[in-house]
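S.K.: Chains as they are written, first to last, in the working numbering: chain A, 1 to 730; chain B, 1 to 730.
I should point out that these hints are in silico values taken from the structure, not numbers from a laboratory.
These numbers were taken from a predicted model, which means no experiment stands behind them.
Think of the CB as a built atom: it goes at the ideal place given N, C-alpha and C, for glycine as much as any other residue.
Among the hints, erroneous ones may be present.
Residues from chain B that keep clear of chain A, each with C-beta distances beyond 10 angstroms, as calculated [stated by the list, open to error]: (1) Thr26; (2) Leu430; (3) Tyr475; (4) Asp546; (5) Trp571; (6) Glu610; (7) Ile626; (8) Arg657; (9) Ser677.
Below, a list of computed lysine-lysine pairs in the BS3-like style, where the Cα atoms sit at most 25 angstroms apart [to be verified]: (10) Lys304(A) with Lys225(A); (11) Lys575(B) with Lys628(A); (12) Lys53(A) with Lys575(B).
Just so you have them, the derived chain B footprint on chain A, three or more residues with Cβ under 8 angstroms [as the list claims (entries may be wrong)]: (13) 418-432; (14) 622-632; (15) 657-664.
Protein chains: 2
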Amino acid sequence: MKLANTLLSVFLLSSFACSAQHLLETPEQIEAMQMAAKSDGSFADEFEARKAKIDLALTQKLNVPLPADAGGGYTHEVHKRNYATMRDAGRLYLITNEQKYANLVRDMLFEYAEMYPTLPLHPQQKEQSPGKLFWQSLNEAVWLVYTIQGYDAVKDALTTEERNTIENGVFIPMVRYLSEESPQTFDKIHNHGTWAVAGVGMAGYVLDKPEWVEKSLYGLDKSGKGGFMRQLDELFSPQGYYNEGPYYQRYALMPFVLFAKAIDVNEPERKIFEYRDEVLLKAITTTIELSYNGLFFGINDAIKDKGIDTLELVHGVTIAYNKTAEKGLLSIAKKQNQVLLTGDGLAVANAIDDGLEVVYPFDSKVFGDGISGKEGALVVLRENQDTAHQTLVFKATSQGLGHGHFDKLHWIFYNQGEEVVYDYGAARFLNVEAKYGGHYLPENNAYAKQTIAHNTLVVDEISHFNGKTSVGNQYHPDVLFTEFDEELQISSARMENAYDNLAFTRTQALVNSKEGFVFLIDILDVEAEGEHQLDVPVHFNGQFIDSNVGLQGQTQSQSALGSNNGYQYLWLQAKGEVEQDLARVTWLKDNTFYTHTTVAKKQNNRKPQELLMVRIGANDPNFNLIAKQALINRIHSSGNHQFLSMLEVHGEYNGSREFTINSKSQLQSLENISHLSSNKTVTLVKATFAPELSFVLAIASSASDENTETEFSVEGKEYEMKGNAHLFRL
Amino acid sequence: MKLANTLLSVFLLSSFACSAQHLLETPEQIEAMQMAAKSDGSFADEFEARKAKIDLALTQKLNVPLPADAGGGYTHEVHKRNYATMRDAGRLYLITNEQKYANLVRDMLFEYAEMYPTLPLHPQQKEQSPGKLFWQSLNEAVWLVYTIQGYDAVKDALTTEERNTIENGVFIPMVRYLSEESPQTFDKIHNHGTWAVAGVGMAGYVLDKPEWVEKSLYGLDKSGKGGFMRQLDELFSPQGYYNEGPYYQRYALMPFVLFAKAIDVNEPERKIFEYRDEVLLKAITTTIELSYNGLFFGINDAIKDKGIDTLELVHGVTIAYNKTAEKGLLSIAKKQNQVLLTGDGLAVANAIDDGLEVVYPFDSKVFGDGISGKEGALVVLRENQDTAHQTLVFKATSQGLGHGHFDKLHWIFYNQGEEVVYDYGAARFLNVEAKYGGHYLPENNAYAKQTIAHNTLVVDEISHFNGKTSVGNQYHPDVLFTEFDEELQISSARMENAYDNLAFTRTQALVNSKEGFVFLIDILDVEAEGEHQLDVPVHFNGQFIDSNVGLQGQTQSQSALGSNNGYQYLWLQAKGEVEQDLARVTWLKDNTFYTHTTVAKKQNNRKPQELLMVRIGANDPNFNLIAKQALINRIHSSGNHQFLSMLEVHGEYNGSREFTINSKSQLQSLENISHLSSNKTVTLVKATFAPELSFVLAIASSASDENTETEFSVEGKEYEMKGNAHLFRL
């Protein structure tokens with residue numbers, strides 16, 4: 001495969017060089033852009049807006065300062081502004097052919113060409129691989145990716161001499177620095193490597209250096225051990241899932257799609273978008289689909305206000321629409337509300353102006369993790385495609401490297417456009433100087449990554465893998481099965497190595513019953529030896545309304561829940577022993593009530609099951625954390641234990657029209673009735689909502705596909721089911 | 001005046017009886033409705049939707065149960081549903097002339113007519129004035145207001161015998177019960193009285209009983225001491241402000257506007273909407289204007305999700321538009337998104353369908369309180385009419401009776417569509433059974449009404465008027481002046497009797513400077529004798545970012561701030577002594593930063609000024625309160641003290657596009673420089689934002705109107721200002 005590709009590319013080398021092709025567009029596309037800019041429509045609007053901005057820049061003095069400052073500092077920001085200006089001025093030249101825009105790019109590049117050869121390594125270099133214009137080479141690669149677009153657009157307007165000055169002054173030495181002289185980054189299978197190969201490869205097309213393209217695709221030694229193709233092989237799962245999760249997937253996407261677009265325009269024979277069963281298009285659609293109501297799922301180190309309108313995904317959606325003509329992508333583009341002044345951007349703008357968009361086909365899906373797609377998965381169960389639909393995200397992924405959290409078999413739940421059962425995400429205020437310079441806060445490791453900050457099992461107040469990323473990276477959960485049908489969507493996964501000598505299996509089912517009941521069944525089976533304290537938190541947004549457990553509030557003073565592994569950040573607000581069959585907590589979020597119910601286990605001679613209410617804020621003198629809340633079901637158990645729980649969505653609070661309906665949970669009883677079955681082939685969970693209405697969720701112990709049949713009997717009545725799970729009515 | 005009205009009405013008695021008029025519409029309006037229902041448009045859409053609902057009701061068995069249950073109970077809800085059904089069926093009959101709708105109203109009324117005369121007082125009667133169908137007579141009057149509309153619509157379709165049965169069975173005895181037999185409510189100057197007179201008066205028009213109308217207008221003895229006209233005189237201020245605040249103003253509005261509409265249709269000669277300088281129309285527009293981004297200001301006992309889309313205001317806006325043709329009202333109606341099947345509703349629906357709406361002219365305004373409009377005021381300072389505009393609400397109103405809070409000279413602040421500096425509103429979960437049956441929670445009196453729950457002065461941890469409503473009702477603040485100009489909007493008020501031997505004056509200014517600085521200056525002058533602890537809380541929404549005060553966090557455990565007057569509900573999270581010139585707290589709300597700054601007073605031999613951070617939640621074992629936060633500036637002072645503060649709106653956090661600008665306060669210094677002035681005629685507050693940019697707010701000590709001139713000099717330079725206040729640049 002690698003060899004074949006190499007041969008193919010050798011064959012192609014001679015051909016692309018003669019093309020009059022631009023980097024990102026065909027001549028026909030450029031002509032269309034020139035026409036569109038003179039007509040009406042959102043492309044023309046964007047053109048005018050961008051033109052006004054660059055026309056203002058034309059009146060200002062060029063500013064290419066000697067590199068001095070680190071990220072966020074003055075020279076850092078000026079060089080970032082400059083590359084955006086050059087890219088935009090290039091776009092305007094392509095569209096208008098007005099020489100002033102070409103001159104702006106040229107004059108700025110003259111200054112870079114004069115300065116760059118004289119630059120030592122950046123004075124603010126840190127542990128990261130250093131650049132010359134910037135404190136880290138990553139930014140230098142980004143500079144190249146943007147600037148080469150500007151240069152590509154205007155180079156036909158320059159004299160040979162001018163081009164030589166610029167190419168010899170800055171592009172050639174910068175490419176050399178980013179490739180030959182930085183092999184550890186250039187050949188790295190990591191998104192920093194992607195920026196480097198994208199910059200060098202795109203420069204290869206523009207400067208007609210096939211060798212640069214070749215190295216970008218297959219690594220410095222062209223063996224295929226490094227380079228873009230290997231990155232495509234390894235950085236995404238077959239379903240297009242990026243191991244660190246959607247927040248970093250979005251970030252990584254930009255160089256992938258820009259470089260791929262350049263390859264596709266300049267060497268369509270490479271069929272880059274078809275590579276690996278269209279993995280790049282899948283990476284784009286997966287990024288879209290890892291979101292709810294426009295915001296990305298807040299798993300791992302996510303900053304939670306990031307969503308589908310980020311610039312990276314604007315590029316991704318624009319390029320994907322032009323490859324696939326999928327009209328669902330237009331509805332995403334419409335929400336993004338940003339027009340790109342590219343040939344692809346024009347096609348999207350026109351399609352939206354023509355009202356061609358259809359609802360994006362959000363659907364329930366299993367996003368396999370890892371190169372094989374079998375190192376766990378992110379399982380997304382969606383009710384339907386409404387903005388306000390319910391979505392359950394079952395996080396059975398692998399660790400996710402340095403940005404991963406210790407949250408195996410964690411879950412989050414959305415409804416009515418909002419996150420109801422939440423993931424804290426990252427403890428970070430991006431770019432807010434007062435908050436640790438805008439970097440990850442110390443509380444990110446100390447709280448946000450810890451298991452107690454998630455909705456999953458914590459054993460003995462210790463985080464999964466003892467909080468060690470290097471250990472976490474070695475293991476992953478196994479997804480046992482996932483099934484979707486109209487009323488029932490269900491998935492099950494097992495985790496074996498989060499703790500020594502302890503495994504847990506979790507099955508989560510989202511039910512939208514024909515009768516209108518909406519609930520989530522959560523079965524968490526812990527296989528353990530000896531005595532352990534088992535905590536299962538549910539972090540929820542909303543206002544506590546009621547519990548059936550007699551909670552003892554810490555009324556006059558309250559203390560931290562624990563001293564380590566994130567427990568030290570939680571105030572224990574109230575605690576109660578569960579004397580009933582069920583421990584219920586009801587809360588109100590916006591206009592909907594939610595009741596979380598866990599079956600209580602009666603234990604002789606042992607501490608009874610407990611319900612705890614906690615709020616973030618202890619040991620946080622700088623208020624670095626947001627004061628959110630959680631409930632915790634806690635048991636001191638010996639041997640195996642099953643947490644059987646339900647999240648019920650019920651009722652309506654209507655403050656405007658002054659009515660409230662079904663503010664109380666409708667669930668009358670919840671129990672595991674497997675013992676009533678005549679054999680051990682199934683797990684049976686019975687949920688009764690009315691005297692005449694009991695649901696039974698049956699889960700086969702050993703089924704594996706949807707055709708396997710399982711028979712069992714309950715109370716003398718025979719049942720038969722196909723597949724792994726089924727929802728019956730008793 | 002009263003006499004003149006009485007004479008006028010005697011004169012009118014003979015005329016209205018001959019009219020073939022319906023209760024709420026002219027014959028022409030009814031004809032237009034009939035046409036519109038057959039055409040396209042939002043009126044027709046609403047007609048079809050309502051018709052589908054009533055057509056369904058037609059297939060169901062009549063249900064007129066014997067009254068048994070209290071508010072929210074089964075029979076209570078059924079009788080409420082019935083009156084809505086009769087009103088709607090009447091509307092459909094008016095529009096379609098289909099007999100089945102008339103029959104539905106008739107048959108239901110037959111059942112009421114049979115039952116009503118047999119009813120004793122309601123079995124669930126409590127301290128409130130009891131009804132017969134309902135546990136309180138208030139609901140009975142509401143039943144009458146709705147049902148009489150249904151009866152009015154269909155009575156032409158009934159035989160004389162049928163009408164006699166209905167009128168003698170239910171309307172006549174009910175009117176008797178609500179008027180002659182309940183004088184304490186009927187003659188009360190209170191919104192319960194308004195419902196009673198509206199029901200009886202509207203029945204008077206429909207049953208042709210001028211006597212009932214007369215009593216409704218002027219009280220049982222027709223002296224004018226009670227009745228609708230007196231209610232119009234006393235329940236609203238001349239600016240249309242209702243003493244209890246917007247939440248109850250909205251509630252009270254319904255019977256006012258419906259009865260007035262009936263009067264206007266049946267006896268236009270009374271010119272009811274012109275009465276008292278159009279006070280009813282002012283009450284409607286004031287209700288609209290006591291809102292921000294669609295939600296009412298949450299002052300006093302307000303449930304904060306109530307806003308301009310409430311049904312009462314739908315009626316109000318619909319009727320007001322038909323009286324005034326003000327197109328700004330249409331933009332409110334459009335946001336309400338509810339079409340009324342009335343003649344007025346048709347006019348509004350058509351106008352919206354035709355796109356006639358313009359932006360509602362929200363503006364800075366002083367809403368005088370009390371009958372004279374001089375018992376304090378609610379002062380509303382608005383930046384402009386955008387949805388996201390800044391609004392400062394300076395609460396210099398009187399107590400507001402039983403639903404009032406102890407919050408003299410309190411303030412709230414909105415920006416970007418959200419409440420930034422907040423009023424807690426009422427501690428109540430309306431209709432949520434688990435929360436004290438949906439009634440006001442005990443914490444409403446114990447916390448939400450107390451002064452510490454507001455953004456104003458608390459002396460020695462005691463609430464204003466010692467928390468006694470009866471005392472509070474005796475006093476009110478005096479508004480000293482209010483001035484609006486382009487950059488500066490300012491108001492000042494003084495409160496003398498909130499505490500014994502202590503007065504305080506507060507001046508609040510909202511500045512939108514030409515240079516783009518946005519800030520609020522807050523000068524709180526306390527005139528006291530002896531030693532006191534002075535607390536000034538600022539309750540804010542958002543995430544704490546930073547403070548320049550060395551805060552000592554309560555990291556391992558935290559305790560309640562105090563033991564009484566609401567202090568017992570606040571956790572003391574952190575506390576610090578203010579060693580700098582300014583005590584600053586910066587927080588982030590959505591995408592905007594806010595910094596609150598208070599000038600620190602250095603005190604020898606006395607405890608230094610302190611900054612406290614608190615969060616609601618102590619002594620709240622049932623989680624009845626929402627865990628919001630506040631900062632408190634505290635000083636132990638002797639004699640007079642001035643709190644000089646600024647709230648600065650600055651910067652932008654953009655998570656999506658990954659930039660943050662001006663996250664730090666731009667304010668460099670803030671000081672009272674009055675001592676630098678050559679005389680005592682002005683207070684001078686200087687705020688410096690840059691070496692070259694200092695603002696000076698000058699406030700005249702004795703000006704009274706905008707033409708008064710004040711002269712003073714600072715640092716040898718002469719200044720002259722007109723009016724009470726001016727913003728200079730030094």
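S.K.: Hints first: check each against the structure and report whether it holds.
M.R.: Against the structure, the hints:
1. Thr26: holds, 30 angstroms
2. Leu430: The assertion about Leu430(B) is violated, with a minimum of 6 angstroms to chain A.
3. Tyr475: holds, 32 angstroms
4. Asp546: Asp546(B) not clear of chain A: closest Cβ-Cβ about 4 angstroms, inside 10 angstroms.
5. Trp571: Violated: least Cβ distance 7 angstroms, not greater than 10 angstroms.
6. Glu610: holds, 16 angstroms
7. Ile626: violated, 6 angstroms
8. Arg657: Violated, because the least Cβ-Cβ distance between Arg657(B) and chain A comes to about 7 angstroms, which does not exceed 10 angstroms.
9. Ser677: holds, 36 angstroms
10. Lys304(A) with Lys225(A): violated, 35 angstroms
11. Lys575(B) with Lys628(A): Within the cut-off at roughly 21 angstroms; holds.
12. Lys53(A) with Lys575(B): Given that 25 angstroms is the threshold and the Cα spacing comes to 48 angstroms, the pair is violated.
13. 418-432: holds (count 4)
14. 622-632: holds (count 5)
15. 657-664: With 6 residues closer than 8 angstroms to chain B, the region 657-664 of chain A meets the three-residue bar; holds.
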